[in-house]
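Starting from the given sequences, assemble the full structure and let the hints guide the process.
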Amino acid sequence: MPLFPDSIAPASAQEQREKRRNLFDFLFGGALRDRQAEPPAKQRAPRQSRRATTSSRSGGSSSRAAATPQPPPEASVAKLDNARVVLVVGDFLAGGLSEGLEAAYAESPGVRVVNRSSGSSGFVRDDYYDWNAEIATILDETSPTLVVVMIGSNDRQQMVVDGKRETPRSDAWLQEYEKRVERFAGILEERGIPLIWTGLPAFKLSSMTSDMLAFNDIYKTSAEAAGGSFVDIWEGFVDENGAFVFSGPDMNGQPARLRGSDGINLTRAGKRKIAFYVEKPLNKLLGQAISPDIGELGMESLPDLVLHPEKAAPVDRTLPISLADPALDGGTELLGAVVRPTGEAQPDAETALPVDQAPRPGRADDFSASGFTRDRTGSVAREPVRDAPALR
26 MPLFPDSIAP
36 ASAQEQREKR
46 RNLFDFLFGG
56 ALRDRQAEPP
66 AKQRAPRQSR
76 RATTSSRSGG
86 SSSRAAATPQ
96 PPPEASVAKL
106 DNARVVLVVG
116 DFLAGGLSEG
126 LEAAYAESPG
136 VRVVNRSSGS
146 SGFVRDDYYD
156 WNAEIATILD
166 ETSPTLVVVM
176 IGSNDRQQMV
186 VDGKRETPRS
196 DAWLQEYEKR
206 VERFAGILEE
216 RGIPLIWTGL
226 PAFKLSSMTS
236 DMLAFNDIYK
246 TSAEAAGGSF
256 VDIWEGFVDE
266 NGAFVFSGPD
276 MNGQPARLRG
286 SDGINLTRAG
296 KRKIAFYVEK
306 PLNKLLGQAI
316 SPDIGELGME
326 SLPDLVLHPE
336 KAAPVDRTLP
346 ISLADPALDG
356 GTELLGAVVR
366 PTGEAQPDAE
376 TALPVDQAPR
386 PGRADDFSAS
396 GFTRDRTGSV
406 AREPVRDAPA
416 LR
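Going by the numbering used here, the first residue of the sequence shown is number 26, and it counts up by one from there.
Some hints could be false.
In silico PhoX-like links for lysine-lysine, alpha-carbon gap of 20 Å or less [as the list claims (entries may be wrong)]:
(1) K245 x K204
(2) K305 x K245
(3) K189 x K204
If you are wondering where the hints come from, they were derived from the structure by calculation, not from laboratory data.
Here it is in structure tokens:
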């Protein structure tokens, strides 16, 4: 049976205990009363916080996930049914480029980015994934307005040429590799689809960086031969000496981590930076489709993309006139002079200049202070040198 019934309040029970004192109370009563005077909440609070801290340090993924704030998702507007499709193909770097482009055009309802990259693919291991055999099917399925390519990071390996294994960048290897790249670019040219080929960045391994430079030369030559454009991103991922860097300025010029710890993969800022390089040629082709205010009717009124802009109909505009050709525009005459057509009689030397064309002191055509004079016809000539006075 409890010493105090439940109806007795804690304060009254404490008063009754203080009245009954024995030897134990005299020896330890002060400390015991101090401990009993502390409210239970104050005793349990530190233990609960310690358990929570220990659980967060040694607990499972749920605790870590709750403690680590996740970045907010990119806001994206609804895309129009007739939005222009930007198809991104290539390896794992192309997948990162696609993420960056999706963020870049998140607020453009007239642009839709479609990612059809294959992370471990390339032009060497066509037994794993043959881009030249698959690209036609992808084009039929997506009906892209233009194609963005970024590939080659997985191609530093042997290639089977005529039944023989060739080492990377050997003569036979390079010849076969160039053929495969040219064949891929030629498929897009035959279909009249604009091509934007994105170059590869530097990598942590110096030998890999050297191979990427050689690959970029092949991509640039093949893309431009097929009427496409090549985007060079190399300077954005190296320092002032051309060496690989993990961190650097992001697309806004702020210092950021661009590469993963392996020196190969890209961070979120690195993906967005590559997309920033690609945006410039993309925007030239997409035109007003990138506008956030464009609607269905606006998309229908946009002109079709031209694969070879230099072969399009000429635009009626004023051609620039060379300043070194005065026969066309009278470039030797001062402002206000009357330029007569060729063959018409010109004024002779005795014809005086109009009053408003006569040189005035301080005006641009007053050469009296610089040793030059202007005759009645407006021609400028140096004054004759006078003999210096004889010294006495």
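Q: Against the earlier hints, flag every one the structure doesn't satisfy and list their numbers going up.
A: none
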